[in-house]
Amino acid sequence: MSNPVDMHTIMAATVHDVKNALSLIDNELREVIDSITEREPGSAMKLNRLRLEAGWINNDLVHMLGLYRMNTDIFRPNFDEVLIEDVIQDATSRYQQTLASLGINLGIELEDPDTAWVIDPVLIEGVLANILTNSIRYTADRLDFRVFETDVGLCITLTDNGAGYPDKMMNFMSETPDPGELSFQNGSTGLGLYFCQQIAQLHRQGETQGYIRLTNHPEHGGAVFMLWLS
Amino acid sequence: MLIDDFSNVRKSIKGMLNSLGVSQVFEAATGSEATKYVREQRFDVILCDYNLGKSKNGSQLLEEWRTRGWLSYQTVFVMITAETSRDFVMGALEFQPDDYLAKPFAMDTLQNRLDRWLDRQSALGPINRALDKKEYPAMAKAARELMENKPRYRGWAQRKYVEALVKQGQTTEATHFLHALLDKRDLPWARLELHRIEVGEGKLELAERGLKTLVMMQPNMVEAYDLLAEVQILIKQPQKAQETLSQALFRSPRSIARQRAFAVLASDNGDHIAATGAYKEIVSLADGTMHESSRGYKDVLRSTRTQLQSLDDEALKRRLNKDAQALLKKLICQYPNELDTALFSKAYRAYLADAADTEATDPMFLASIAQAALEQLGELGEASALDIVDILYEKGLTKAADELVLDLRQYHKGSGTFVKRLNQLQAEPVTQEARSHAHKTNTDDIEQYKQKDFEAATRLFAEALEFSPRHPGIILKYVQSSLLLMGRSRLTVSQLDRSLDIVNHYQFERYTNIRDKVIALHTKVNHEQSS
Numbered sequence: 005m006s007n008p009v010d011m012h013t014i015m016a017a018t019v020h021d022v023k024n025a026l027s028l029i030d031n032e033l034r035e036v037i038d039s040i041t042e043r044e045p046g047s048a049m050k051l052n053r054l055r056l057e058a059g060w061i062n063n064d065l066v067h068m069l070g071l072y073r074m075n076t077d078i079f080r081p082n083f084d085e086v087l088i089e090d091v092i093q094d095a096t097s098r099y100q101q102t103l104a105s106l107g108i109n110l111g112i113e114l115e116d117p118d119t120a121w122v123i124d125p126v127l128i129e130g131v132l133a134n135i136l137t138n139s140i141r142y143t144a145d146r147l148d149f150r151v152f153e154t155d156v157g158l159c160i161t162l163t164d165n166g167a168g169y170p171d172k173m174m175n176f177m178s179e180t181p182d183p184g185e186l187s188f189q190n191g192s193t194g195l196g197l198y199f200c201q202q203i204a205q206l207h208r209q210g211e212t213q214g215y216i217r218l219t220n221h222p223e224h225g226g227a228v229f230m231l232w233l234s
Numbered sequence: 010m011l012i013d014d015f016s017n018v019r020k021s022i023k024g025m026l027n028s029l030g031v032s033q034v035f036e037a038a039t040g041s042e043a044t045k046y047v048r049e050q051r052f053d054v055i056l057c058d059y060n061l062g063k064s065k066n067g068s069q070l071l072e073e074w075r076t077r078g079w080l081s082y083q084t085v086f087v088m089i090t091a092e093t094s095r096d097f098v099m100g101a102l103e104f105q106p107d108d109y110l111a112k113p114f115a116m117d118t119l120q121n122r123l124d125r126w127l128d129r130q131s132a133l134g135p136i137n138r139a140l141d142k143k144e145y146p147a148m149a150k151a152a153r154e155l156m157e158n159k160p161r162y163r164g165w166a167q168r169k170y171v172e173a174l175v176k177q178g179q180t181t182e183a184t185h186f187l188h189a190l191l192d193k194r195d196l197p198w199a200r201l202e203l204h205r206i207e208v209g210e211g212k213l214e215l216a217e218r219g220l221k222t223l224v225m226m227q228p229n230m231v232e233a234y235d236l237l238a239e240v241q242i243l244i245k246q247p248q249k250a251q252e253t254l255s256q257a258l259f260r261s262p263r264s265i266a267r268q269r270a271f272a273v274l275a276s277d278n279g280d281h282i283a284a285t286g287a288y289k290e291i292v293s294l295a296d297g298t299m300h301e302s303s304r305g306y307k308d309v310l311r312s313t314r315t316q317l318q319s320l321d322d323e324a325l326k327r328r329l330n331k332d333a334q335a336l337l338k339k340l341i342c343q344y345p346n347e348l349d350t351a352l353f354s355k356a357y358r359a360y361l362a363d364a365a366d367t368e369a370t371d372p373m374f375l376a377s378i379a380q381a382a383l384e385q386l387g388e389l390g391e392a393s394a395l396d397i398v399d400i401l402y403e404k405g406l407t408k409a410a411d412e413l414v415l416d417l418r419q420y421h422k423g424s425g426t427f428v429k430r431l432n433q434l435q436a437e438p439v440t441q442e443a444r445s446h447a448h449k450t451n452t453d454d455i456e457q458y459k460q461k462d463f464e465a466a467t468r469l470f471a472e473a474l475e476f477s478p479r480h481p482g483i484i485l486k487y488v489q490s491s492l493l494l495m496g497r498s499r500l501t502v503s504q505l506d507r508s509l510d511i512v513n514h515y516q517f518e519r520y521t522n523i524r525d526k527v528i529a530l531h532t533k534v535n536h537e538q539s540s
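Quick mapping for you: the protein sequence lines, in order, are chains A and B.
Under the working numbering, the first residue of the first sequence is numbered 5, with each subsequent residue one higher.
Under the working numbering, the first residue of the second sequence is numbered 10, with each subsequent residue one higher.
These are computed hints drawn from the structure, not numbers from a lab.
Incorrect hints may have been included.
Dumping the calculated DSSO-like pairs for lysine-lysine here, alpha-carbon to alpha-carbon at most 30 Å [unchecked claim]: (1) B:K326 / A:K23; (2) B:K249 / B:K63; (3) B:K63 / A:K23; (4) A:K50 / B:K112; (5) A:K23 / B:K112.
Ranges of calculated distance between the beta carbons of each label pair, as one might list FRET restraints [to be verified]: (6) B:G134 / A:L106: 52 to 62 Å; (7) A:T18 / B:P262: 53 to 63 Å; (8) B:P146 / A:S39: 30 to 40 Å; (9) A:S47 / B:K176: 33 to 43 Å.
C-beta: ideal position from N, C-alpha, C; glycine also.
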């Protein structure tokens with residue numbers, strides 16, 4: 005391949021194919037799980053782990069496509085005013101079965117259920133799905149989405165009751181404004197966070213722009229992911 | 010109603026819907042089947058797969074139903090797409106569905122969405138009922154009520170409110186309302202509507218500035234590019250308008266209206282390659298849709314002919330000619346019963362004919378077309394009439410062409426622009442011969458010019474200009490030799506004025522644009538090399 009742009013495009017097309025195939029596999033798995041859950045709960049549990057792995061691969065593919073688009077300057081958001089509740093529901097709906105089988109309770113609490121915000125709903129749904137896959141892996145048995153509005157903007161948090169983020173990760177987020185290096189240190193988790201940060205930053209209003217924060221819960225120590233949108 | 014070309018997919022989705030308590034489900038496998046249903050009754054929800062096999066695709070269906078007013082606004086139209094094709098296929102469409110659904114989807118997703126659609130649609134019911142009946146004051150009232158009573162759907166209500174105001178011509182109120190919204194939050198749709206109103210009120214510079222900012226911030230909003238191009242045409246910047254539309258087409262190439270606007274602009278700008286390309290795109294997009302007509306083929310052929318006239322490259326000319334011949338065959342084959350098309354295609358057959366086609370190269374053949382046109386003036390469209398006249402002149406049948414022009418002028422005396430074009434063709438028959446004559450005179454001139462006989466050269470260049478009035482080379486040489494003549498004080502003021510007038514060529518702006526781009530690139534390359 006003499007032309008590197010061609011190579012990128014071929015890779016992007018391949019990623020798309022893999023992503024479509026993955027989504028078919030995921031769907032088939034879901035149907036199989038539905039039909040065997042009662043008879044063989046153990047196997048269903050294993051298959052649900054597989055679905056979660058498929059979710060991880062899917063997130064990685066989304067990141068690869070994102071890199072491709074940033075690289076070729078076609079990474080362009082589509083802003084629209086949407087109901088935040090709808091976006092969270094769309095992000096969580098494909099995980100319902102997995103959550104149930106792993107015994108994880110998911111709570112969604114909106115301070116105002118009618119909250120609407122100007123965002124790119126597809127990108128934000130991707131951020132939330134990404135964080136959700138991560139949290140499912142590390143939580144004990146609870147996940148909670150909370151949405152509230154302040155003077156500075158809208159905040160969506162996802163709190164789990166696992167062991168929390170390691171110090172290294174939280175420090176990294178707060179001390180280095182350039183998260184590019186993150187991807188090399190922490191593998192795909194870092195790349196995922198890098199994208200979340202990029203997408204948050206696309207959401208600006210006047211002088212302010214969105215961002216993400218990682219903290220641990222002051223009481224039970226679980227991980228708290230915060231997405232601030234302006 | 011469920012629209013999908015695979016019966017097993019329909020069966021599986023219908024199964025889900027039934028178990029969710031939806032009892033009445035209509036199924037359609039093709040666009041035409043769906044169209045029949047949609048014209049007969051009003052559906053609560055339509056689930057339509059984007060890809061319908063050989064039939065029209067989902068967005069073409071939606072476009073046809075919306076433009077023809079067959080789809081009630083009370084119906085929720087949902088487009089089903091493969092998960093990853095959404096941004097590639099759907100990202101920027103003018104007729105947006107009410108929602109998308111990525112396939113394959115699970116039952117809980119469908120349930121979730123159904124609840125959402127039906128709740129929203131019942132809240133918006135009074136507004137959409139008024140919109141269906143085109144009762145805009147009632148629509149505005151209903152939208153106001155929804156804004157006050159249901160904060161959840163305030164965003165939807167605001168858009169519908171502005172739409173209702175604009176439909177009633179209450180632009181001042183709409184402007185106030187939009188400004189109040191934008192003071193609180195930046196909303197791309199509100200900006201677009203504001204600029205649309207500005208364009209309507211003739212505030213073109215304001216709109217141009219605003220739209221440029223909008224496409225920078227919201228680069229996928231194709232409607233903003235369309236409106237910006239409209240403004241640029243109005244403020245006489247056709248080159249910029251073409252550039253703007255080409256950016257919109259890059260993002261959303263599947264709109265026939267946009268391709269056509271681009272082709273017309275490119276053609277006016279003398280960019281015949283781009284124009285022919287866009288016209289070809291229209292023919293392939295229109296295939297099987299409401300837009301399919303002989304017009305698309307005619308546009309491509311017309312544009313190719315213009316392109317052929319300005320080409321010197323014989324090999325390229327032969328290739329274009331061959332393409333055009335193939336297209337002409339299709340046109341004749343697909344529209345055998347249109348009289349206009351019959352006359353048009355005969356004229357083009359004569360124009361494109363090579364020596365082997367003895368029937369079409371016979372002057373009698375062209376004369377018979379002129380005669381047939383005279384007898385069927387009422388059936389002959391204006392565009393085809395101009396083509397036939399032009400071809401007759403170009404092939405040297407001046408007398409037949411003059412006769413036809415006379416009758417056409419009489420028949421269409423109400424249509425000013427058409428008569429003007431006819432007069433132009435008659436006054437300036439730019440035939441192939443005239444062009445080669447101009448070329449020869451031009452070559453003779455260069456000899457005189459080289460021998461510093463500027464007086465003779467100027468006279469000969471002026472003669473060449475008679476035959477080829479817009480040839481940039483001849484214009485420049487005429488002006489140069491005139492100016493050199495002036496150096497010897499043998500030039501009149503009127504000659505000087507003429508020099509200034511014709512050197513202001515219609516391609517000048519294009520030249521400066523290209524030059525600016527080259528300079529910018531030059532600086533960039535230098536900068537990159539030095540750093």
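Status of the hints after comparison with the structure:
no. : hint                        : verdict
1   : B:K326 / A:K23              : violated (45 Å)
2   : B:K249 / B:K63              : violated (38 Å)
3   : B:K63 / A:K23               : holds (25 Å)
4   : A:K50 / B:K112              : holds (24 Å)
5   : A:K23 / B:K112              : holds (12 Å)
6   : B:G134 / A:L106: 52 to 62 Å : violated (41 Å)
7   : A:T18 / B:P262: 53 to 63 Å  : violated (23 Å)
8   : B:P146 / A:S39: 30 to 40 Å  : violated (56 Å)
9   : A:S47 / B:K176: 33 to 43 Å  : violated (60 Å)
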